[in-house]
Structure formats: structure tokens, C-alpha cells
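For what it's worth, the working numbering labels the leading residue of the sequence shown as -13, then goes sequentially.
These are computed hints drawn from the structure, not numbers from a lab. If a hint is listed, it holds; no wrong ones were tucked in.
Within a straight-line C-alpha distance of at most 20 Å, the following computed SDA-like cross-link-like pairs (lysine to any residue) qualify:
no.: 1; residue 1: K128; residue 2: G70
no.: 2; residue 1: K108; residue 2: S73
no.: 3; residue 1: K128; residue 2: S73
no.: 4; residue 1: K(-10); residue 2: T26
no.: 5; residue 1: K108; residue 2: S76
no.: 6; residue 1: K108; residue 2: D138
no.: 7; residue 1: K108; residue 2: M82
no.: 8; residue 1: K128; residue 2: R114
no.: 9; residue 1: K(-10); residue 2: V23
no.: 10; residue 1: K(-10); residue 2: E46
no.: 11; residue 1: K(-10); residue 2: S28
no.: 12; residue 1: K108; residue 2: A57
A quick note: this is a predicted structure, and the numbers were derived from the prediction, not measured.
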Amino acid sequence: MQVKSRHHLRSDAIDEIRSALAEGLGVEIDGDAFELVELTDSAFDLVLVDGEPLVFYTDEEPFVTVRGANATDPDSGIVTVDAGAISFVSNGADVMRPGIVEADPGIEAGDLVAIAEETHGKVLAIGRALVDGEEMVGEEGKVVESVHHVGDDLYEFDL
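Construct the entire structure; sequences and hints are all you get.
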């Protein structure tokens, strides 16, 4: 991933990020320095919070990265998968209904969600919900499209 530009965010942009993450995930992002890193070969822009890649933009919408989700411990917008789904989700697979043990009922189709494993609650991936949270648990069908996962270029990003 090549860095196109890097600059500090204004306070209104930081407030927008904090507000969006508080509403969507119930998390607070604390930090003194927020830097926007625009990438040349990626669909994402990254926000470094005190030098850590905790937030990214996809479709101009801020959301926590996998690292950011594990650092902030979201309390909403979470889809929990069973042990059998861990290796698939960690490798970037979309999430299928049979692998889901629980989903936040407040999730709406189109929302970004954090995908966590059930044993320790660690976030493995970020995805986009294809159905509402109440419809996620079931027998068959794809319900979350993977956007970012453990081990991908965004996860491994380092300046």
C-alpha cells in the first residue's frame, strides 16, 4: 500500500469520526493526534490515532479497523461467529448464516459491522451487512460481505 498523502485532521473532522463511531458501535476513540492517510492503491483511506491505524473510511463512512475494534471493544454492531467460521472469516471470506451464533438486532442491511469470534470476543473482520441483524442467524445464505480482515494489507499497514 502506497501513501498518496498524509495530513492532520481538523477538529470538526475528528468530531465527525467520534460521533459516527459512538452512534454505530458505542465506542469512544481517544487520542491527541488524528492523521488522515490517503492510499494510492486501496479503496480505503486510513486514520491514524496517535500513530495507530484505528479508523478507516470506506464509501466516505468512518469505521474502526480490526485493530481499532479490538482496542475499543464495541458494544453494538457486532456479529458473532462460531469456532468453525474463524479460519474462513480470518482469511477474508464472507460470513454465512450457519456460522453466526449471534447478531446485534439493531444492525440494518448496508451497515458496517464488526465480526467477532465467540470464545474470546476478538474481532476478526469488518464487513457490510447484507440483511438486518434479526435475519442473520439461520440455516443458509451469505449475510455479511467481508470488507477488511485480520492479515490483509490494511491490517498489516505500517508507516
